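Novice: Listed here are the chains, written in short residue letters.
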Amino acid sequence: MHLLLIEDDAEAARFLAKGLRESGYVVDIASDGREGLFRATEGLYDLIIADRQLPHFDGLSIVAMLRKNGKHTPVLILSALGSVDDRIEGLRAGGDDYLTKPFAFGELLARIEALLRRGNQPEVTTRIRIADLELDLLGRKVTRAGTPIDVTSKEFQLLEFLARRAGQVVTRTMLLEAVWDLHFDPQTNVIDVHISRLRAAIDKGFERPLLHTVRGAGYVLRDGD
Amino acid sequence: MATDARHPGGTLRLSSARLALLYAMLVTVFTSSVLLSVYLLTRNALEREISAVVRAEVDDLSDDLRLGGIAQVAATLRLRADSWGRTGAVFLLADPNFRPVAGNLTAWPRDVVPIGREALESAMVEFDIDAHERGESVLHPVEARIEHLANGYWLLVGADTSERLNVLRRFGLATAWGIALTALCVWLLGAAYARRTARRVRAYATTCETIMQGDLTQRLAVDGSHDEFDALAVAVNAMLDRIEQQTTTLRTAFDSIAHDLRTPLYRMRVRLEEAQLRAGLPTEAHELIAPALHDLDRVQRTLATLLQIARTEASGVTTHDEHVDLAALAANMVELYAPGMLASGLHVALDAPIAAPVTGNRQLLAQLVTNLLENALKYVPAGGHVRVSVRNSPGGVSLSIADDGPGIAAVDRAAALRPFVRVGDAPAHASGSGLGLSLAAAVARLHGAQLTLGDNAPGLVVHCEFPAAARREAPAGVAQVR
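The listed protein sequences derive, respectively, from chains A and B. Take 722 as the starting number for the first sequence in the working numbering and just add one per residue. Take 47 as the starting number for the second sequence in the working numbering and just add one per residue.
Possibly wrong hints are sitting among the right ones.
[Stated by the list, open to error] Which residues of chain B face chain A? A few of them, derived with a C-beta cut under 7 Å, are:
1) L318
2) E320
3) A412
4) T416
Keep in mind that the hints were calculated from the coordinates and are not lab data. Everything numeric in this text was worked out from a predicted model, so none of it was measured. For glycine and all other residues, C-beta sits at the position ideal for the given N, C-alpha and C.
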């Protein structure tokens with residue numbers, strides 16, 4: 722996977738690129754808006770990570786110009802402007818996701834993965850299977866090893882979000898955004914309690930756990946460690 | 047919010063109409079007294095004139111009597127008899143038995159037969175005479191003087207006062223009409239002026255409300271008449287220009303602060319994370335890095351909250367046009383917090399039976415509810431109860447979050463809404479920045495609501511009263527989260 726990172730802060734760019742390369746991505750760096758726009762227009766990238774405040778062209782203008790030229794490469798906007806209105810502005814400009822600095826590297830990685838996989842999800846799914854866990858998306862029912870499991874409607878939404886991204890790390894903020902439509906971080910770890918309840922429901926009494934915690938990043942639903 | 051500020055029309059109209067009425071009354075009283083004085087003076091002058099004319103005639107006739115005797119008087123009177131119709135003068139010379147000798151009366155008037163000499167000398171008498179005009183009999187009032195002549199003859203000299211009465215009546219009528227018309231004109235002018243004043247003040251009030259709702263680009267209308275209202279509007283507009291300029295400066299400053307502080311924080315985090323990832327790092331180093339990252343997150347959250355408060359307070363709101371169902375929002379938030387609260391031994395109940403639409407920013411409203419729930423989570427001890435209610439009230443939508451925790455003493459409530467203030471004996475594990483209530487209050491203000499802290503006896507109740515959006519009711523049950 723080929724990524725373009727447009728970031729004028731050299732040190733941050735170096736660290737992000739290093740981390741992304743270690744995670745198996747090929748990364749190009751552009752250090753200002755003009756170079757970034759040029760590379761984004763010319764090159765074939767799977768994803769663009771653009772800082773919002775840049776010399777020459779800011780991140781939002783780059784997204785807007787790309788979209789105007791018919792390029793639909795997913796764009797993740799990084800910004801030191803973190804208010805709700807800034808975020809809405811960023812997404813309205815054509816950005817696919819918006820991350821406020823400072824963020825944990827794990828958060829960035831999870832969001833990149835989610836954006837890259839967004840395109841190749843099966844169109845219509847009515848059933849999801851992970852090992853012996855089965856979700857009936859139409860009947861909103863969960864079974865594990867053939868035994869029905871009682872979950873609340875929010876727990877089902879949580880599980881569905883994790884199951885659709887089985888094998889991918891899902892962060893707390895991603896869950897807050899997707900299940901509760903909240904775009905800010907509460908101070909307490911409310912999500913952790915929901916995950917423990919969900920884990921108690923689907924993993925308790927079974928030898929192989931499916932819902933795992935990824936330290937410093939989030940959670941992942943997968944068969945095996 | 048004061049209801050008077052929203053509906054200034056009623057009281058204003060009343061006060062300006064009252065002013066117009068008062069002016070009309072004053073003008074009427076002044077005009078009436080002036081015209082009445084003129085009327086009375088005119089009447090007096092006319093009366094004096096008649097009496098002077100009569101006296102002069104009497105003197106003339108007395109001269110005739112002295113020079114030529116009764117015959118001369120009779121001759122003069124006969125000469126003047128023709129002119130009665132023209133001058134309105136009345137003459138009669140009668141013998142001692144009141145039989146007419148000469149003059150323009152056919153008989154001595156019956157009502158003024160003198161009883162004694164003194165009774166008729168000097169004073170004026172009044173009687174009516176029957177005159178024939180165009181075949182009709184018309185009564186004419188007469189004012190006259192009676193002289194008892196030396197030879198026992200009686201002389202009556204008078205004037206027909208019907209003309210004078212006519213003049214006075216017409217004058218009186220004109221005066222009354224004048225007063226009425228003046229009063230009407232003054233009242234109409236006053237009412238028109240009052241309406242204009244009320245309209246302009248109302249227009250100003252409306253504009254000011256729009257501005258208060260966050261549209262700082264609005265200005266008061268200047269109509270170019272250079273009157274005191276224009277002067278006021280120009281001054282207020284200048285003030286608004288200044289405020290708008292300051293707000294822009296503030297917003298820019300907030301953005302710069304956000305950028306300038308977040309960038310070093312970001313780099314710090316990047317370095318710490320890089321260190322954390324470095325292979326072969328001793329465990330002690332990890333034990334230092336993890337809390338440092340935790341602290342960094344806290345600094346960043348505090349900064350974000352502070353900036354959010356500042357931006358919310360200075361906001362020229364443009365994106366706040368979402369229709370938010372506060373009942374559904376509260377249900378969503380209670381659902382999010384219920385498991386965490388249950389784990390802390392708290393019982394949370396939701397009472398939001400019907401849809402409660404408000405206009406605003408969903409994320410900020412969610413932040414408001416979040417902060418209040420987090421406070422409850424922090425301060426209410428295990429075994430406590432938290433109740434979230436959303437109700438449609440007559441004025442809009444009311445949201446209240448009540449608990450039976452330690453509460454906030456009445457004296458501390460105002461201070462508790464200010465940034466960085468933590469009141470009472472906060473439990474040791476409470477790790478808030480003291481910004482939660484402050485941000486909640488700022489969000490409430492942004493939505494035209496006032497956040498108030500009250501006594502739940504025992505505990506705290508936080509109450510917000512929102513103005514309603516276009517209301518649409520949908521049924522829902524009272525949910526109990528266990």
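Novice: Should the hint that B/E320 touches chain A count as held when the rule is a Cβ pair under 7 Å?
Specialist: Check passed: Cβ of B/E320 comes within 5 Å of chain A, closer than 7 Å.
Novice: Return the status of the interface hint for B/L318: holds when the least beta-carbon distance to chain A is below 7 Å, violated otherwise.
Specialist: violated, 10 Å
Novice: Just to be careful: measuring from the Cβ of B/A412 to every Cβ in chain A, is the smallest value less than 7 Å?
Specialist: holds, 6 Å
Novice: Double-check B/T416 for me: the hint is only fine if its C-beta lies closer than 7 Å to a C-beta in chain A.
Specialist: Since the shortest Cβ distance to chain A is 5 Å, the answer is holds.
Of the numbered hints given earlier, the model fails hint 1 alone.
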